[in-house]
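Asks: As you go down the protein sequences, you meet chains A and B in turn. For the first sequence, position 11 matches number 11 in our numbering, and the numbering has no gaps at all. For the second sequence, position 622 matches number 674 in our numbering, and the numbering has no gaps at all.
These aren't lab readings, by the way, just hints derived from the structure by calculation. Just so it is clear, CB atoms sit at the ideal spot from N, CA and C, and this is done for glycine as well. Careful, some of the hints might be misleading.
Distance condition first, Cα-Cα at most 16 Å in a straight line; then the derived EDC-like pairs of lysine to aspartate or glutamate [as the list claims (entries may be wrong)]:
1) B:K733 to B:E676
2) A:K44 to B:E220
3) B:K696 to B:D747
4) B:K733 to B:D747
5) B:K664 to B:D695
6) B:K768 to B:D663
7) B:K293 to A:E51
8) A:K44 to B:E634
9) B:K637 to B:E220
Simulated restraints, written as ranges between beta carbons of each label pair [claimed, not checked]:
10) B:A576 to A:Y33: 20 to 28 Å
11) B:P65 to A:Y33: 29 to 37 Å
12) A:I18 to B:V565: 18 to 26 Å
13) B:D364 to A:L20: 41 to 49 Å
14) A:F35 to B:K216: 39 to 47 Å
15) A:I18 to B:A500: 47 to 55 Å
16) A:I17 to B:E108: 28 to 36 Å
17) A:K40 to B:W363: 25 to 33 Å
18) A:L20 to B:R360: 54 to 62 Å
19) B:L391 to A:L20: 16 to 24 Å
20) A:F35 to B:S627: 43 to 51 Å
21) B:S627 to A:I18: 34 to 42 Å
22) A:F35 to B:V204: 30 to 38 Å
23) B:R522 to A:Y33: 46 to 54 Å
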Amino acid sequence: MIRNVLENIGGIEIYPIISLTIFFTVFSTMLVYVFTRKKKQMDKMAGLPLEP
Amino acid sequence: MEQTSILKEQVAPGAVMDTFQYDNTIVRNFAIASVVFGLVGMLVGLLVALQLVYPELNFGIPYTSYGRIRPLHTNAVIFAFVGNAIFAGVYYSVQRLCKTRMFSDALSKIHFWGWQLIILSAAITLPLGFTTSKEYAELEWPIDIAITLIWVVFSANVIGTLIKRREEHIYVAMWFYIATLVTVAVLHIVNSFELPISFFKSYSWYAGVQDALVQWWYGHNAVAFFLTTPYLGLMYYFLPKAAQRPVFSYRLSIVHFWSLIFIYIWAGPHHLLYTALPDWAQSLGTVFSVMLIAPSWGGMVNGLLTLRGAWDRVRNDVVLKFYVVALTGYGMATFEGPLLSLKNVNALGHYTDWIVGHVHIGALAWNGFFTFGMFYWLFPRLFRTRLYSKSLANAHFWIGTLGIVFYAIPMYWAGFTQGLMWKQFGPNGTLQYPNFIETVNAIVPMYALRAIGGTLYIVGLIMLAYNLVRTAAQGKFLANEEAQAYSRGVIKQNHEGDFWHRVLERRPVRMAVLALVAILIGSAVELIPTWTVKSNVPQMASVLPYTPLELQGRDLYIREGCNACHSQMVRPFRSETERYGEYSKAGEFVYDHPFLWGSKRTGPDLHRLGDKYPDSWHYHHMLEPTSMTSGSIMPPYPWLVDDKLDVSNTADKIAAMRTLGVPYAPGYEQKANADLQAQAKQIAARLKDAGIKADHEAEIIALIAYMQRLGTDIKKAPASQP
């Protein structure tokens with residue numbers, strides 16, 4: 001069973017560190033992505049719900 | 053209008069617009085179902101609220117007793133009222149954002165009827181006592197499978213629509229919907245791992261600490277991905293629609309989306325602070341919960357600022373008024389959530405009515421008021437007319453707001469009062485209120501006030517129902533709404549070098565996969581370590597499997613929903629060890645499929661109940677709680693005395709438990725019923741000594757056996773420490 005396979009994972013303490021690292025990376029990438037968009041494109045996207 | 057003219061210039065010469073029709077019938081049907089089930093679900097809520105003031109309203113019969121119908125209330129409002137409202141809004145907005153009819157009318161219909169059937173089966177099975185006991189996932193395995201199938205139908209329909217869309221871009225609301233589809237599927241499947249014993253009974257695949265962690269990973273994220281992300285999607289569509297202006301910042305909405313789905317998934321352990329859950333998991337839960345405040349408030353601010361410069365309209369437009377209160381409620385609830393995940397705040401708030409207040413701010417203000425605003429906006433459009441009565445809608449707004457206030461304030465008051473009373477020590481170092489019932493009776497007046505708040509809110513909903521019915525009657529339903537748009541690709545796009553834009557915003561399947569990856573990473577980090585049982589759950593030699601009679605008794609505890617009012621988790625505080633005894637250790641729950649830690653202490657914790665009272669005390673107490681504890685608001689359980697225990701399934705239950713890893717000796721299932729009878733006779737004999745003539749085959753005997761076992765294992769071997 002899955003339990004037995006995973007039973008031997010050691011160093012649980014690393015998990016929170018991994019979590020924060022992954023989070024930080026994803027978050028910064030996302031910020032870079034968002035703030036390099038062109039304003040015109042953002043306005044166009046924002047206007048979509050207003051079309052009938 | 054200017055939008056279209058800009059687009060026209062880019063259109064390839066000779067291209068013609070497609071004419072097609074939006075399906076409004078499916079939207080209308082889901083909306084009606086939402087209102088109808090909303091009324092039913094809230095009336096059941098009112099009944100359970102009143103039962104805490106007048107226990108006679110349990111009516112002394114199984115089907116209406118608190119433990120069974122509280123889950124009926126939560127399931128009805130979450131999955132029937134809110135669920136149907138989500139589907140109504142999603143079917144309306146997806147078609148228009150994709151500029152196409154839904155992928156398949158047949159799938160839409162299967163989705164609608166399938167969902168209503170699921171709701172109906174929930175409404176029948178829960179009062180009958182068929183339940184897994186896991187909060188917001190109480191439905192038994194056949195219904196779980198049905199939910200999975202219908203969810204697949206819904207997902208296929210939405211993704212299919214996205215694929216055949218005419219609009220090039222995928223608006224942010226769609227992202228929230230996609231994340232909802234993907235995540236709810238994962239949550240539901242992982243949390244529903246259970247081993248069937250019969251058609252209506254199963255055991256959770258997980259036990260104890262693991263089960264608790266999976267359950268609250270699920271429970272927390274059900275709030276996130278059923279009550280929050282779909283509503284944010286709806287907010288990003290219906291708020292700009294009603295305000296007739298684009299969302300304040302589209303950039304912010306993207307940040308909002310990614311950070312919300314990424315952070316939410318990690319925060320589940322905050323439901324288990326100070327429990328037997330490993331410390332690192334608790335801390336992780338707290339850190340991410342506090343971080344959640346940023347995206348949540350980002351979203352709220354983005355919504356509210358969309359109305360900047362239009363506040364005069366808010367005063368006159370009842371739809372916008374509902375939205376403003378909804379967003380404010382969202383902001384309050386998402387501020388309070390992180391607050392409650394701080395350990396010291398949690399120590400006070402957990403298990404009290406503060407939590408009930410907290411979720412109702414979310415449910416009544418955010419989900420409820422947003423739904424109402426959306427329906428007031430939708431119905432006149434679906435029925436080609438004006439709203440029947442604006443002043444009635446305004447009255448609904450005010451009475452509903454008053455209802456929320458009258459609901460929330462008494463609950464906060466009750467929560468603080470009782471939480472402090474539980475912890476209060478007297479001058480001589482003993483508990484100031486050693487009798488639990490004192491802390492209950494202190495807040496019963498608050499329960500009464502809360503019921504008034506709930507009543508006001510329901511009156512508002514009735515006003516809405518009436519208003520919408522009259523609106524429909526005066527208008528003419530437009531089943532198929534004609535629209536025109538160019539096919540995708542006809543309009544020339546100018547995005548050279550904009551690689552990421554194309555990858556992300558135009559590829560629904562890829563979006564779905566990315567969202568899936570985001571939530572899976574969080575889930576894995578949270579769940580994998582706990583699946584490695586040995587390193588996390590200290591083994592305790594003195595902890596043994598339940599006897600067959602105790603196991604049957606435990607299943608009665610589950611059937612009656614005792615866990616709706618009782619926790620089985622003594623936290624490591626002096627105030628709790630003083631009141632209940634030794635605090636709970638992770639290793640004590642290794643055979644608990646499912647775990648029964650509970651989340652609310654309307655009654656006292658029961659983990660150290662074993663040997664506290666004689667069997668006869670329990671007998672009298674279950675039959676008529678007030679006979680043992682005057683002023684008790686616990687429901688009576690007379691049928692447990694009258695009904696005979698069903699022992700035909702004992703062997704199957706033992707065998708199933710062994711499959712799940714409980715060390716019953718091979719072949720024990722053959723002898724189990726003999727052992728069961730022997731133990732039952734002992735208890736009946738002890739009752740007889742106390743002057744009670746009880747049938748040893750009655751259900752109550754099994755329940756007493758279970759209660760007397762609770763938390764006693766570690767007392768047998770004081771040497772074993774975690």
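Asks: Now, for every hint given, state plainly whether the structure supports it.
Replies: Evaluation of the provided hints:
Straight-line distance between C-alpha atoms of K733 (chain B) and E676 (chain B) comes to about 23 Å, which puts the hinted pair past the 16 Å bound. Among the hinted pairs, K44 (chain A) with E220 (chain B) is consistent with the structure: their alpha-carbon atoms are about 11 Å apart, no more than 16 Å. At most 16 Å may separate the alpha-carbon atoms for a hinted pair to count; K696 (chain B) and D747 (chain B) meet this at roughly 8 Å. Between K733 (chain B) and D747 (chain B) the alpha-carbon distance is near 9 Å, which keeps this suggested pair within the 16 Å criterion.
For the hint pairing K664 (chain B) with D695 (chain B), the CA-to-CA distance comes to about 26 Å; that exceeds 16 Å, so the pair is violated. Annotation: proposed proximity of K768 (chain B) to D663 (chain B) holds, straight-line Cα distance about 12 Å (limit 16 Å). Pair hint K293 (chain B) plus E51 (chain A) holds up; C-alpha atoms about 9 Å apart against a cutoff of 16 Å. A C-alpha spacing of about 62 Å is found between K44 (chain A) and E634 (chain B), which places the hinted pair above 16 Å, so the restraint is violated.
A C-alpha spacing of about 56 Å is found between K637 (chain B) and E220 (chain B), which places the hinted pair above 16 Å, so the restraint is violated. In this structure the hint that A576 (chain B) and Y33 (chain A) lie 20 to 28 Å apart at CB holds, the actual value being about 24 Å. Between P65 (chain B) and Y33 (chain A) the Cβ separation comes to about 35 Å, which falls inside the hinted range of 29 to 37 Å. At roughly 21 Å, the beta carbons of I18 (chain A) and V565 (chain B) sit within the given window of 18 to 26 Å.
At about 46 Å, the beta-carbon gap between D364 (chain B) and L20 (chain A) stays in the expected band of 41 to 49 Å. Separated by about 32 Å at the C-beta atoms, F35 (chain A) and K216 (chain B) break the suggested range of 39 to 47 Å. A beta carbon spacing of about 50 Å between I18 (chain A) and A500 (chain B) agrees with the range 47 to 55 Å that was offered as a hint. In this structure the hint that I17 (chain A) and E108 (chain B) lie 28 to 36 Å apart at CB is violated, the actual value being about 56 Å.
For K40 (chain A) and W363 (chain B), the Cβ-Cβ distance of about 28 Å falls inside the hinted range of 25 to 33 Å, so the restraint holds. Range check, L20 (chain A) to R360 (chain B): about 35 Å between beta-carbon atoms, so the 54 to 62 Å window is missed. Between L391 (chain B) and L20 (chain A) the Cβ separation comes to about 21 Å, which falls inside the hinted range of 16 to 24 Å. The beta-carbon spacing between F35 (chain A) and S627 (chain B), approximately 50 Å, falls within the hinted interval of 43 to 51 Å.
Evaluation of the 34 to 42 Å hint for S627 (chain B) and I18 (chain A) yields a pass: the beta carbon distance comes to about 36 Å. Roughly 37 Å separates the CB atoms of F35 (chain A) and V204 (chain B), a value that falls within the hinted 30 to 38 Å. Checked against the hint of 46 to 54 Å, the C-beta distance between R522 (chain B) and Y33 (chain A) comes to roughly 48 Å, which is consistent with it.
Hints 1, 5, 8, 9, 14, 16, 18 from the list above are not met by this structure, while the remaining hints are.
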